[in-house]
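On the provided structure of chain G, position chain F as indicated by the hints.
2 protein chains.
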Amino acid sequence: MLRVGIDVGGTFIKAGVVDEGYTILHKISVPTGGDADFEALVKNIARAGELAVQEAGAQWKDVSSVGIGIPGLLNPRTGVVVLAPNLGGGWRDIPFLETVQKLLPVPVYVGNDANCAVVGETLAGAAKGNENVVMLTLGTGVGGGVVTDGKLFVGGRGLGAELGHMVLQMEGAPCGCGLNGCTEAYCSVTSLVKQTRRAMELDQKSAMHAYAKEAGLVDGRTAFECSKMGDKAALFVVENYCRYLANAIGSLVTVFRPDVVLIGGGLSNQREYLMDKLNALLPRFVFASEVIGVPPIRRATLGNDAGTIGAAFLDIM
Amino acid sequence: MLRVGIDVGGTFIKAGVVDEGYTILHKISVPTGGDADFEALVKNIARAGELAVQEAGAQWKDVSSVGIGIPGLLNPRTGVVVLAPNLGGGWRDIPFLETVQKLLPVPVYVGNDANCAVVGETLAGAAKGNENVVMLTLGTGVGGGVVTDGKLFVGGRGLGAELGHMVLQMEGAPCGCGLNGCTEAYCSVTSLVKQTRRAMELDQKSAMHAYAKEAGLVDGRTAFECSKMGDKAALFVVENYCRYLANAIGSLVTVFRPDVVLIGGGLSNQREYLMDKLNALLPRFVFASEVIGVPPIRRATLGNDAGTIGAAFLDIM
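Chains G and F supply the protein sequences, listed in that same order.
Heads up: the first sequence begins at 1 in our numbering, then just goes up one per residue.
Heads up: the second sequence begins at 318 in our numbering, then just goes up one per residue.
One should not assume that every hint holds.
Part of the chain G face toward chain F, derived, beta carbon under 7 Å [unchecked claim]:
#, residue
1, L83
2, G155
3, L159
4, G160
5, E162
6, H165
7, M166
8, V167
9, M170
10, N247
11, R257
12, P258
13, F287
None of these hints come from the bench; they were simulated from the model.
Remember, predicted model here, so these are calculated numbers, not experimental data.
Think of the CB as a built atom: it goes at the ideal place given N, C-alpha and C, for glycine as much as any other residue.
Okay, chain G solo, but in the shape it has when bound (with noise of 0.2 Å):
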């Protein structure tokens, strides 16, 4: 049987027909439908889904389910919807499930778009055959999620796993979350755009601030090519950055034990160069990991893909 997986962003609905093999047979993109209500977004990803297995040219009596990533809070068992800032003009306690399920002839699974994530890489990418896993998803926030004994973990209600938010720095830097010292805070590309720009301010000489011009932009890559250079202040951003991550990691390996950690979102891009740092610092924030030892820090490999992949299976986790 084929599977749907429809992953929802705030400007695009990406649905994938997946195979049994977790292999996409076809996907198609769609807009999301900016600050459209709540019944013409639901049709939007009904429709996305429908249009996929057209095109596919597959018929619903060949699919098993549907699988849906939503970017925001939601119970997974009830399906309500409890915070989605970036859907709809900000959805709030939605009955999501109940109202797409009716316009879908297959039953439909709901669940986070960063848990969607995990659940592909657990079951297709860089942590295939791994029954523990932790994947942070590092852009504008930090996204996470959690496999445990091979099934998602999301904590009550559906609403935990917000791994972004466990505290790394307490009464630390505000978070956009309103809290203070968050991982985000210190994580994200966004805080680490804020830590280079603060870092070309104390040194103008640092090869950054040509960089960043040719660029056009300071971005996440800014200190880490850099760096790479030789430039100093590049150096101190990085290895500062490295640090506050590693750490953030080493928590999460202290709770959540897994057998590998991913690493997915644009900066993952500088793969060993990034890796390499974090799994040497890695054991210096684990607790017992001179006895029980640490996992293996990877990049994710699927992408977007692993959003799609993970909601078409979020059916088995």
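Here is chain F on its own, set in the frame of chain G:
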């Protein structure tokens, strides 16, 4: 059927015969055996179970299983104790379950002692009726346990949920475990005593000096009791300590989304004075608390019996 729960501590082994209503019918306490070798300690543990059954006037045929809580890191499935520094001069990679099972005539289950405590409180204590529970035991260290969806959460290979070593302050105070900035380094009673001593050094006129002199020592009560009497230095210590602890609890709520948080250990004798402060602070430290709300923080009620009852019921968790 009856069950036997055995709570193994560094000094005493407590064993209890427990009925299906979670009532301890009879309990005993015997010396653990100090630095005796592994085999001798395991015999003492099995003998404690035997003795409890005998003294309860029961027979092994009335007992469905034995559960044993161990102060250390262990894999509940394989029954291997990876690390237990306080047993027999320090256990490391010990096939505990395999060995103790040979000495007992019914199926044996093993778990970490802090995990047993949360099981006991969830089944029969302050969290009765809840499916999602986080418990912190504040003592020399900070022990932790988590129940999610009615099941004990132990992390990969049973080695996770070391909540006391989740980071609270990146690159912060040294922890007894060798890491820096662990929750334990700020929230244990050991740390509270350090914080108290520091405040006393800085304020020679604080009422804490007279209180400690009369008590014969500075302990977890010193700052709390003097703060109730209006001593400013003591109140400063208590408010800082409560903020640290509320921040750590907030992070755990963000990750696990329990329905209730329990505080165990001697400091929980501060009852409403402590719980009211923690409950008032908690929303400041929980992700999306204004939307999802926060769980109540309550005092654990079973005391030492939590470990015995929880161990007895490891088989259903």
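Status of the hints after comparison with the structure:
1. L83: holds (5 Å)
2. G155: Where the cut-off is 7 Å and the nearest Cβ of chain F is about 4 Å from G155/G, the hint holds.
3. L159: holds (5 Å)
4. G160: holds (4 Å)
5. E162: holds (5 Å)
6. H165: Holds, because the Cβ-Cβ distance from H165/G to chain F comes to roughly 4 Å (cut-off 7 Å).
7. M166: holds (5 Å)
8. V167: For V167/G, the interface hint holds, since the closest Cβ of chain F sits about 4 Å away, which is under 7 Å.
9. M170: Holds - the Cβ of M170/G comes within 7 Å of chain F, reaching about 5 Å at its closest.
10. N247: Since the shortest Cβ distance to chain F is 5 Å, the answer is holds.
11. R257: holds (4 Å)
12. P258: Result: holds, 6 Å to nearest chain F Cβ.
13. F287: holds (4 Å)
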